[in-house]
Structures are given as structure tokens and as C-alpha cells.
Amino acid sequence: MAGTSYSFQEHLIRRQAKAEKAMLQTLRSGSYTIDNPLVSYNLYLINPLSAVIAFYTEEETAVTVTIHGKRKQGSITHTFPKAKEHVLPIVGLYSDYNNKVEIRAYRQSSYIVEIPVPDVFEGHNPLEYIDTTPEYLQDNCIFLSPSGSELAAAFDYAGDVRWCLNIKCVFDMKRLKNGHVLMGTDRLVSMPYYMSGMYETSLCGKIYHEYRLPGGSHHDAFEMPDGNLLCLTEDLTSSTVEDMCVLLDRETGDIIKTWDYKSFLQPGLGKSGSWSEKDWFHNNAVWYDENTHSLTFSGRHMDSIVNIDFETGKLNWIIGDPEGWPQEWVDRYFFKPIGNNFGWQYEQHACLITPDGDVMCFDNHHWGSKNKDNYLMAKNNYSRAVRYRINTKDMTIEQVWEYGKDRGAEFFSPYICNVEYYNEGHYMVHSGGIAYNKEGLISESLGAFEQFMDGTLKATTLEICDNKIMMELRTKGNYYRAEKMKLYAENGNLELGEGSLLGRMGITAEFDTEVPSELSSQLLPNKCEARIEDEEDRFTFHAKFEKGQLVMLLLEQGDEVHRYYISTSAMSRKAMCCGTFLESDERITKTSINKAGLNGTYDLFVIIDETKYPCGVTVTC
Numbered sequence: 061m062a063g064t065s066y067s068f069q070e071h072l073i074r075r076q077a078k079a080e081k082a083m084l085q086t087l088r089s090g091s092y093t094i095d096n097p098l099v100s101y102n103l104y105l106i107n108p109l110s111a112v113i114a115f116y117t118e119e120e121t122a123v124t125v126t127i128h129g130k131r132k133q134g135s136i137t138h139t140f141p142k143a144k145e146h147v148l149p150i151v152g153l154y155s156d157y158n159n160k161v162e163i164r165a166y167r168q169s170s171y172i173v174e175i176p177v178p179d180v181f182e183g184h185n186p187l188e189y190i191d192t193t194p195e196y197l198q199d200n201c202i203f204l205s206p207s208g209s210e211l212a213a214a215f216d217y218a219g220d221v222r223w224c225l226n227i228k229c230v231f232d233m234k235r236l237k238n239g240h241v242l243m244g245t246d247r248l249v250s251m252p253y254y255m256s257g258m259y260e261t262s263l264c265g266k267i268y269h270e271y272r273l274p275g276g277s278h279h280d281a282f283e284m285p286d287g288n289l290l291c292l293t294e295d296l297t298s299s300t301v302e303d304m305c306v307l308l309d310r311e312t313g314d315i316i317k318t319w320d321y322k323s324f325l326q327p328g329l330g331k332s333g334s335w336s337e338k339d340w341f342h343n344n345a346v347w348y349d350e351n352t353h354s355l356t357f358s359g360r361h362m363d364s365i366v367n368i369d370f371e372t373g374k375l376n377w378i379i380g381d382p383e384g385w386p387q388e389w390v391d392r393y394f395f396k397p398i399g400n401n402f403g404w405q406y407e408q409h410a411c412l413i414t415p416d417g418d419v420m421c422f423d424n425h426h427w428g429s430k431n432k433d434n435y436l437m438a439k440n441n442y443s444r445a446v447r448y449r450i451n452t453k454d455m456t457i458e459q460v461w462e463y464g465k466d467r468g469a470e471f472f473s474p475y476i477c478n479v480e481y482y483n484e485g486h487y488m489v490h491s492g493g494i495a496y497n498k499e500g501l502i503s504e505s506l507g508a509f510e511q512f513m514d515g516t517l518k519a520t521t522l523e524i525c526d527n528k529i530m531m532e533l534r535t536k537g538n539y540y541r542a543e544k545m546k547l548y549a550e551n552g553n554l555e556l557g558e559g560s561l562l563g564r565m566g567i568t569a570e571f572d573t574e575v576p577s578e579l580s581s582q583l584l585p586n587k588c589e590a591r592i593e594d595e596e597d598r599f600t601f602h603a604k605f606e607k608g609q610l611v612m613l614l615l616e617q618g619d620e621v622h623r624y625y626i627s628t629s630a631m632s633r634k635a636m637c638c639g640t641f642l643e644s645d646e647r648i649t650k651t652s653i654n655k656a657g658l659n660g661t662y663d664l665f666v667i668i669d670e671t672k673y674p675c676g677v678t679v680t681c
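With this note's numbering, letter number 66 in the sequence shown gets 126, and the count goes up by one each step, no holes.
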């Protein structure tokens, strides 16, 4: 049958709340004890290496849980606070394994619960190699967030996956001061990777909050000392992308403060090799430095790390190759290199400020020059972590440490990646975007594209202590960033009750011009494979069109008409920090419409060239 299929998708927070409520009803209507507990595998639906164990004790008591490792060193132990009703999150289960979980009340006997888990990777384990010791990594795991078809995963000292997600949550993961984890949502609002906002979650998968943003979110976020959140976003009314940061109220999701980079930078200056007019800055990191009360941003398409005053938004300084910049900018904002073995960074990621004021980043070194005549081919290039020491009084810069240059092309990641500072001499370096073409040569394409061309993608993550490699992890696929975290925080108990949707979605940009068309008596053709996925705050129109067709989605309610342009042109992408939502068939389109600004029930139509087709469905906003 022609037309458009329709389905309503309840928000994940609502579905999790129903599952939790059903579990609690079962628990409270039964006689579950420590030797006969209620076991709910993957209760919160998104972490297939998790469970919840629930029971009652006659007296208030602390309970210690041990998830037994395949080897003794892989066991994970956590003690939960005193209670009579115990609802315990279990994380760190193995895939394709009959897991044994030991439960022990304080000074009492222990009991074993068996939790069988299927092969959640269906035979495609992402591990390639790991070299470390249990004494070094202890009960920490290396968390990798996706940049391609792989999903988020965490590896222990033996390379076993002890945590993963079955939904496409992208961009960086950060542990918050309350023990929760902040990550990008799985709700795509605009291609290629602009998400609805961020999830604040437990590692067992429960979502406590979704922070929605009018301009969506991308790349990075930062928890302020007072708990509020910095988030990278953009202005939906602007013709440019990835050039705005906002401060969110943690309690409400409301925007407290906004920084528009066009107010302190001039688009078109300092162009990197991947620059485009629309994506002139390409912000991939944000860092707040309490010592200087300043914000630092990483602009991939300016080859620049920029620092501004938090209060005024005034530009303080720029780290980057000054070639091609106007002299007045160079004189005022750029540093002069001193010392030996200095090198500028190119198309960098993940800037940070160390406690003593040094600046670190992952220098992708993509193109390796401001001058096209000196661009480096991938096979002749390298990537590295680098640490710069800056003197803002004398405006000098010195390179004091680097890692990766000597590894050459086999460590080269033209996109994504990060570096982490733990303490002096102790760092993580994550080269997550390594790619080889189908001939086995270092790829000139980003891994996000190479994944559809029979290429091979890899990621290398390592930790260095006093210039000695203490851990090296190699995985299949490209991964955006790496973080080291424990599976249990100090306050690792569950917080029961339904999560919340905070903030708001923005009004989706519309096409102003009416396109002449003739109404068809036929529904939208089957070959379009059209479907609507409806949600409480937006809906997404999925369909397939031929390249070059003029396509527009219409929402009509009487004389009220809303027009949304659907691009079918072949995409020329120079930046793709997350290819998770790309389709191998470029004819497939995804058009997300926020319900903000809409009210009532709308009939849906699609214009293809000069013909207007009814979809045969309605959407209520």
C-alpha cells in the first residue's frame, strides 16, 4: 500500500519508568529475601551487561555485591548503604557468559546469584589487543564512545567488555560529581550528528534527566563547579553551525548564558584544510578554567584553540599557526614560540587546561599546514598529544611534552580523539580515528566515510606515566573519545522514580517560499519507503529519494502551512566527527521536526519536483 507508515515511540525515560514500576510492584508484593532475590536483567533496557537485584532484610544493613570476574583480578566489588529494601544496580557483567554475583549482608553469609547473558556483540567483539596489568588498571575500565557503527563500550584490564549500550548515544562521556554519567542522547535532531541534548544516567542504564537544547547538542559538555552544565550547541536561525556554547541550569535545563563565537571571532580567518563557510569554526571541545574564570574552545576549522573571558566573552588569546591571519590579530592574540622542538597543532580536538595553566590537546595534525602547497598526505602524516606552556604576559608559548609523532602514520587520526590529564606525567592519549582503505593503505578519507568503502577502522588508546606506557588498548572501529572510570561511583546506589525531561526543543527552521506543485490523487509512492516515527516532543520523517530531486515536507492545518526542505544533493563533507547516523545508501533521508511552535493536528504532504503527494497520515502537536 502506498503512503507513509506511522508509529509512536514513547520516550525512553517513560519506558524505563514503567519497567521500574513493574519491578517494584513485583518486589513489594512478594517475599524476596537475600537468599531468594528478584533479579531483573537489563531492567532499564539499554545496558545488556547490567541487571538489578532486589530483596528485603529484616534489619537495616549494608550489602556488599561482588560480580565475579573470569579471573580473580576481574572481580568488581561494591558496598551499598544501609537499608531494609535493597534495589541494587549490577554492572560489569560479561557478554556470552553465565555470570556469578555474590551478595553478602554485613557480617552475614553470602549467596550466589547466576545471571546468564547472551552474546550481545553477536560474535563481533570489538577488542583487538590490550597490554596492561590488573595492578595498574585495578577496577577502572576504559570507556569508548562511538564515532561509527560501533556502540559505546568499556573494557577492563583483560580487554573484556564490562559495560555497553544498545542505543546510539554519542560524543563524550563524563562522570559528574554526583556519580552519574553525562553523555549525548541517542535522539538525532539533524544530520549528521546534532542530538536533542544530553542524558544524565546511571551506568546501569537508568536515565535521570534529559537536558534538551533549542539548538541541539554536539561534541562536548563540561560540569561547572556549581553543578551547572556547559554545552556546545548552535543557533537554529543562523546559517552557520557548531559556533555557540550555552550554560544550562542543572535543575531546570533553562539556558542561563550564551556565547556566540561570531561576537569575538571573524568567520573566514585562519582557515584549516577542512574549512567550509557553513562550518567555519567547528567547535569540538569546551573547558572552563576556574583559576582564570575563562572558557577555552577548540576550533578544528581554524586550527585554533581560543580562550575568552567567562563574564564578558572578550577574546583573551589564540593558540595556533598564525600564517594567513591579519597582522593585527597576530599582534594582539597570538603567542610567539620559544624553546626547541616546537610544532603547531592542526585540526585539534579535546583541549584542556592543566592545574598549572598549561594547555593540552590532541593534535590530529590533519593537513599539517596552513599552506595548501605544504599539505601532508595521510601516509606521511602523524597525530600526537601535545602540552604547551603559555605566558600570557609575554605572549610566549613553549612545547613541553608530546606523544605520538614518532609512531607516524599508524597513529594518525585525521578526526576525533582526545587527551586526558590525570596528574603530572600521567596522561591518557586516545587516537580513535585510524583508518585504512580496502587496499590496506592509510586512508585519505575520514573513518566515518571509509566504513562504507570496505576499509578497516581502528582505535588506539594508551596511558602514559612518567613517559612509560602503562596501558595500550587497540580496538576495531573508530571511537570518538576515551575516558577512564570505575563502574561504581562512591554513591553508586539507584535513585528510584521517573526521570525528567528538562529544557526545551527549538523551533525547526522552515522554508519560506511556496513551491508551485500539482496535488496528486495518489499517495506518496511505495518506492519512497516513507515512515513517521512520532514522539512526544518531535517527529521524524524517514524516506528515500533520488539524488537531485526537489523534495519538501509540508504540514497543513487549514490555511496554516509549514514547509521543511529535504536535501537530496550529494553531500560533500570535510568534517564528520561522528558517522554513527550515516547511511550507506545516500538516498535515505531523515527529517526531524520539533513540535515546538506547532499546535493541533496536521496533515502531511510531500512535494517531489512539481508533484504534491498526500502521506495519508496526521501528526498531533
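Treat the hints as calculated values from the structure; they're not laboratory data.
Treat the hints with caution; some may be incorrect.
[What the hints assert, rightly or not] Computed cross-link-like contacts, EDC-like style, restricted to lysine to aspartate or glutamate with a CA-CA straight-line distance of at most 20 Å: (1) K130 / D220; (2) K81 / E558; (3) K130 / E162; (4) K544 / E195; (5) K228 / E195.
Verification of the supplied hints:
Our distance criterion of 20 Å between C-alpha atoms is met by K130 and D220, whose separation comes to about 9 Å. Proximity of K81 to E558 is assessed by CA-CA distance (about 9 Å); at most 20 Å being required, the pair is judged to hold. The hinted pair formed by K130 and E162 meets the criterion: a straight-line CA distance of about 14 Å does not exceed 20 Å. With a CA separation close to 15 Å, the supplied pair K544 and E195 stays within the 20 Å bound.
Between K228 and E195 the alpha-carbon distance is near 32 Å, which puts this suggested pair outside the 20 Å criterion.
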